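Chains as they are written, first to last, in our numbering: chain A, 1 to 320; chain B, 1 to 181.
Everything labelled a hint here was simulated from the structure, so no lab data went into it. Since the model is a prediction, treat every value here as computed from it, not as a measurement. Note that beta-carbon positions come from the ideal geometry of N, C-alpha and C, so glycine has one too. Accuracy of the hints is not assured; some may be wrong.
Straight-line Cα separation of at most 25 Å, SDA-like style, residue types lysine to any residue; simulated pairs [unchecked claim]:
1. B:120 with A:38
2. B:162 with B:152
3. B:120 with A:78
A few chain B residues facing chain A, derived, Cβ under 7 Å [unchecked claim]:
4. 117
5. 124
6. 125
Chain B is faced by these chain A residues, among others (derived, beta-carbon under 7 Å) [as the list claims (entries may be wrong)]:
7. 67
8. 69
9. 306
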Amino acid sequence: MSKNRVFSIALFLAMSLFLSLSLQAAELKRIDLEEVLTIGSLDDDLIFQWTGVVVDSDSNIYLADAMDYCLKKFSPEGTLTKRAGGRGQGPGEFTAPRLLDCSEHYLYATDQGILGLHVYDCDLNFERRIMLNIPVSDLKVLSDSRFAVATLFMDTKPAILIFDDRGELVQEIPYANRKMAPMMDAVSFDIDAGGSLYLAYTFQDRVERWDSQGKKLWSTQLLGVKRVKRKNISTYVLPTEVMFKDVELDSHGFLFVLGGHVSRNRSRDVYVLNRRGTLLTILTLPEASHCIHIDRNNFLYSRANEGVTLKKFRMHYVFD
Amino acid sequence: MIECRLVMFEKREKPLFLVLVAVSILLFLSGSQAAEKGKGSGALNPGSPDQGLSPHPLVVFIIDFDSFMCLTCLESLLDFYHQLPGAGKGCGVWGVLVFDASLGNQRGNTFTRIIEKKLKGFMQGNRLQFPVVIDRWHLFDGLGKAGSAVIVFDPVKRLVKKYDFPLRPGQVQEIMSLFED
Numbered sequence: 001m002s003k004n005r006v007f008s009i010a011l012f013l014a015m016s017l018f019l020s021l022s023l024q025a026a027e028l029k030r031i032d033l034e035e036v037l038t039i040g041s042l043d044d045d046l047i048f049q050w051t052g053v054v055v056d057s058d059s060n061i062y063l064a065d066a067m068d069y070c071l072k073k074f075s076p077e078g079t080l081t082k083r084a085g086g087r088g089q090g091p092g093e094f095t096a097p098r099l100l101d102c103s104e105h106y107l108y109a110t111d112q113g114i115l116g117l118h119v120y121d122c123d124l125n126f127e128r129r130i131m132l133n134i135p136v137s138d139l140k141v142l143s144d145s146r147f148a149v150a151t152l153f154m155d156t157k158p159a160i161l162i163f164d165d166r167g168e169l170v171q172e173i174p175y176a177n178r179k180m181a182p183m184m185d186a187v188s189f190d191i192d193a194g195g196s197l198y199l200a201y202t203f204q205d206r207v208e209r210w211d212s213q214g215k216k217l218w219s220t221q222l223l224g225v226k227r228v229k230r231k232n233i234s235t236y237v238l239p240t241e242v243m244f245k246d247v248e249l250d251s252h253g254f255l256f257v258l259g260g261h262v263s264r265n266r267s268r269d270v271y272v273l274n275r276r277g278t279l280l281t282i283l284t285l286p287e288a289s290h291c292i293h294i295d296r297n298n299f300l301y302s303r304a305n306e307g308v309t310l311k312k313f314r315m316h317y318v319f320d
Numbered sequence: 001m002i003e004c005r006l007v008m009f010e011k012r013e014k015p016l017f018l019v020l021v022a023v024s025i026l027l028f029l030s031g032s033q034a035a036e037k038g039k040g041s042g043a044l045n046p047g048s049p050d051q052g053l054s055p056h057p058l059v060v061f062i063i064d065f066d067s068f069m070c071l072t073c074l075e076s077l078l079d080f081y082h083q084l085p086g087a088g089k090g091c092g093v094w095g096v097l098v099f100d101a102s103l104g105n106q107r108g109n110t111f112t113r114i115i116e117k118k119l120k121g122f123m124q125g126n127r128l129q130f131p132v133v134i135d136r137w138h139l140f141d142g143l144g145k146a147g148s149a150v151i152v153f154d155p156v157k158r159l160v161k162k163y164d165f166p167l168r169p170g171q172v173q174e175i176m177s178l179f180e181d
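My request is simple: use the sequences and hints to build the entire structure.
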């Protein structure tokens, strides 16, 4: 590699870092959403009920559709280019497709009814299944050879688990020092380039940042909930109100947390925090969504029409 | 999944008269639907076999829209359907999709269209070949409060029975025995 090339890359990285830090330092006033793409309407057969979404480096959009048990690939313009899957338990088949994420070369999908991960290439050709003996409640792919999952522990301390591409556990990042009551450890999470872990608790008014060694850096409440409502269900006492549904980082390092049942606009309010856990602004989605996704170009994706439609928004960051 | 579990535990029993009302309406719909040959009135799978009144047992699936939030909760229904003689061809099979009236009131016709589309995906994804009517007027609400169910009518044996999903193994055998004669 020539000196000029090395210098160019170093300059680009330095400028990116500077820009990111500058954006963090400036006071974010609000974020405006501009709808740029809609996929799936009430009249077509493109999407029946999407559950997971991810966007690759070429801006192709992948959806998991729970109703017809398929994965679907759409071009950046929203044209369906490939469909894969179907109902069953054979290779590449689903009983309830749920979460999606991708690395540079592979797409990973979870099934609510089958343990482990389905692995596809970027053209939705089924490659293999990674066996895991735990249910996956959230998934984040870190590279072609690493992925992180959240699970629901009943007997052990809560932790985010990092696996290699053969399903071997390579790291465990605990996010509590003790066992929690049933379901209270349920989280959505994201991981930044430095390995910091951002957690949004499903049934607690808590958003946290932990370092890669399992040290808590900050914890904040966004909803002012004092007491978690619970209900006796069978032999368990379980929480009934979802506080946070999803968490995503954008390329600037802003943290986006989708609120649930307790938010002022139920399942529509997205709380935007900086890296230090300070709430900067709240943006409101046009319709309720079960999750959000932010691609590497900072487009935000969310649900509409109860999962029949996917919306893509350009985010306009407005600073003071 | 979590919300779905909560819904599943909120099951309540329904009065018997609702079953009878539903039977009457269903038979009425069955006749009129057969006459229209699947065109219009919200029935899906218009190309499925004509299933008008006959002396054969009639199986009616009450499909609770909430079950679509937890498709694994419908495994029992799907397994049962695929065990029916000739996957439904040896008996009359119908479906009624019930949904929460308050949701429909909030969103009006759009919500009904959403339901219709999801149902279409569900039928396609599971290769289900029987007609389903969306209960727009909430005539079957009482029957779907406990979640998805199946009602079996046997005009020869003068039998009407309702079973809630998931079915127990003994219940599957009990229903299947009706088709053996």
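- Item | Hinted contact residue 117 of chain B with chain A - closest CB pair below 7 Å | 5 Å, holds
- Query: Against chain B, with CB atoms and a cut of 7 Å, does the hint on residue 306 of chain A hold up?
  - Reply: 5 Å, holds
- Message: A closest beta-carbon separation below 7 Å is what the hint needs, so does residue 67 of chain A meet it against chain B?
- Response: OK, holds: residue 67 of chain A within 7 Å of chain B, min 3 Å.
- Query: Against chain A, with CB atoms and a cut of 7 Å, does the hint on residue 125 of chain B hold up?
  - Reply: 4 Å, holds
- Has the given pair, residue 120 of chain B with residue 38 of chain A, been kept, meaning a C-alpha gap of at most 25 Å? 20 Å, holds
- Does the CB of residue 69 of chain A sit less than 7 Å away from some CB of chain B? OK, holds: residue 69 of chain A within 7 Å of chain B, min 5 Å.
- Mind checking the alpha carbons of residue 120 of chain B and residue 78 of chain A for me, to see if they're no more than 25 Å apart? Since the Cα atoms of residue 120 of chain B and residue 78 of chain A sit roughly 21 Å apart, the hinted pair holds (cutoff 25 Å).
- Hint consistency between residue 162 of chain B and residue 152 of chain B [alpha-carbon to alpha-carbon, up to 25 Å]: 6 Å, holds
- Item | Restraint outcome when residue 124 of chain B is required to lie within 7 Å of chain A by C-beta distance | Holds: closest Cβ of chain A sits about 6 Å from residue 124 of chain B, inside 7 Å.
Hint compliance for this structure: every hint is met.
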